[in-house]
Amino acid sequence: MRRLEPRQIEPAYGKAGKFEEIEEERLEVIVPFERLARVIAALRKVHPYEEPVIEAYEIQSGRPHGEGRIGTSAGVDVREISRRVASVLGSQPVCLSGQPKGGRVMIWDGDPGEGLYEALLRSVDLYVGADSHGLGKLVSEAFEFAVLEFPTYTFTLTGAKELIHMVREKSKREAWGLRPFLPSKVGKEGVN
1428 MRRLEPRQIE PAYGKAGKFE EIEEERLEVI VPFERLARVI AALRKVHPYE EPVIEAYEIQ
1488 SGRPHGEGRI GTSAGVDVRE ISRRVASVLG SQPVCLSGQP KGGRVMIWDG DPGEGLYEAL
1548 LRSVDLYVGA DSHGLGKLVS EAFEFAVLEF PTYTFTLTGA KELIHMVREK SKREAWGLRP
1608 FLPSKVGKEG VN
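Using the working numbering, the letters of the sequence shown map in sequence onto residues 1428 to 1619.
Heads up, some of the hints might be wrong.
[As the list claims (entries may be wrong)] With a straight-line Cα cutoff of 27 angstroms, these simulated DSSO-like cross-link-like pairs (lysine-lysine) come out:
#: 1; residue 1: Lys1445; residue 2: Lys1472
#: 2; residue 1: Lys1599; residue 2: Lys1528
#: 3; residue 1: Lys1597; residue 2: Lys1528
#: 4; residue 1: Lys1528; residue 2: Lys1564
#: 5; residue 1: Lys1599; residue 2: Lys1564
[To be verified] Per label pair, the in silico range of CB-to-CB distance:
#: 6; residue 1: Leu1463; residue 2: Leu1562; range: 20 to 28 angstroms
#: 7; residue 1: Gly1540; residue 2: Ala1483; range: 18 to 26 angstroms
#: 8; residue 1: Tyr1440; residue 2: Arg1510; range: 49 to 57 angstroms
#: 9; residue 1: Lys1597; residue 2: Gly1540; range: 22 to 30 angstroms
#: 10; residue 1: Val1473; residue 2: Lys1597; range: 31 to 39 angstroms
#: 11; residue 1: Glu1482; residue 2: His1560; range: 26 to 34 angstroms
Treat the hints as calculated values from the structure; they're not laboratory data. C-beta: ideal position from N, C-alpha, C; glycine also.
With the hints as constraints, model all of the structure from the sequences given.
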């Protein structure tokens, strides 16, 4: 540990060698886990204190917008669906595995492991969700359904309800031919 001489200290507020008391502000934000390290590094870089107080908590509660939607998309190739969803999310897929046998499509914005499990339970033909780091490819090959995964942050920022709304609006404008299937667990409206 080294000692700094008063002339080496350049405080953001007040003067070196003089006790200073200032009012502080508390900032609270929700950050996707995969971005936490970068956010903390950026905060430390711009914060006026040498060592700012940073507390991070994992949030286990559910999201208010729900976790998934199922719809039909008969006759559309998985690569075409990939292109269309990528245009809505503004991001390219990280995994594209398998070819759907039918038109039941599930969009999931929650935990990828849970989403893949739900996709199996609901017998979907194409699962669209966040990056599962290889699990989706394994499940796709073992159970013969297609998996299309995008970077996790796109689903963290967008959420399934908002994504479905954007896909629905874009599909109307571009005549994608999507048909409604069923309402979500949390909402009364269907995907139409």
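Verdict for Leu1463, Leu1562 (Cβ pair) under range 20 to 28 angstroms: holds (22 angstroms)
Status of the given 49 to 57 angstroms range, CB of Arg1510 versus CB of Tyr1440: Given a distance of about 52 angstroms, which is inside 49 to 57 angstroms, the answer is holds.
Cβ distance range 18 to 26 angstroms for Gly1540 and Ala1483, holds or violated: holds (23 angstroms)
Distance restraint between Lys1445 and Lys1472, which requires alpha-carbon spacing of 27 angstroms or less: holds (24 angstroms)
Supplied distance hint 31 to 39 angstroms, evaluated on CB atoms of Val1473 and Lys1597: holds (37 angstroms)
Distance restraint evaluation - Lys1597, Gly1540, Cβ atoms, bounds 22 to 30 angstroms: Given a distance of about 29 angstroms, which is inside 22 to 30 angstroms, the answer is holds.
Pair hint outcome, Lys1599 versus Lys1528 [Cα-Cα no greater than 27 angstroms]: Given pair Lys1599, Lys1528 holds - Cα atoms ~24 angstroms apart, limit 27 angstroms.
Restraint status (C-alpha distance of Lys1597 to Lys1528 at most 27 angstroms): holds (24 angstroms)
Satisfaction of the hinted span 26 to 34 angstroms by the C-beta atoms belonging to Glu1482 and His1560: With a Cβ separation near 28 angstroms, Glu1482 and His1560 satisfy 26 to 34 angstroms, so the hint holds.
Agreement of Lys1528 and Lys1564 with the hint, judged by alpha carbon distance not exceeding 27 angstroms: Holds, at roughly 16 angstroms.
Lys1599 paired with Lys1564 [C-alpha distance capped at 27 angstroms]: Distance ~31 angstroms between Lys1599 and Lys1564 Cα, so the pair is violated.
In the structure shown, a violation is registered for the earlier hint numbered 5 alone.
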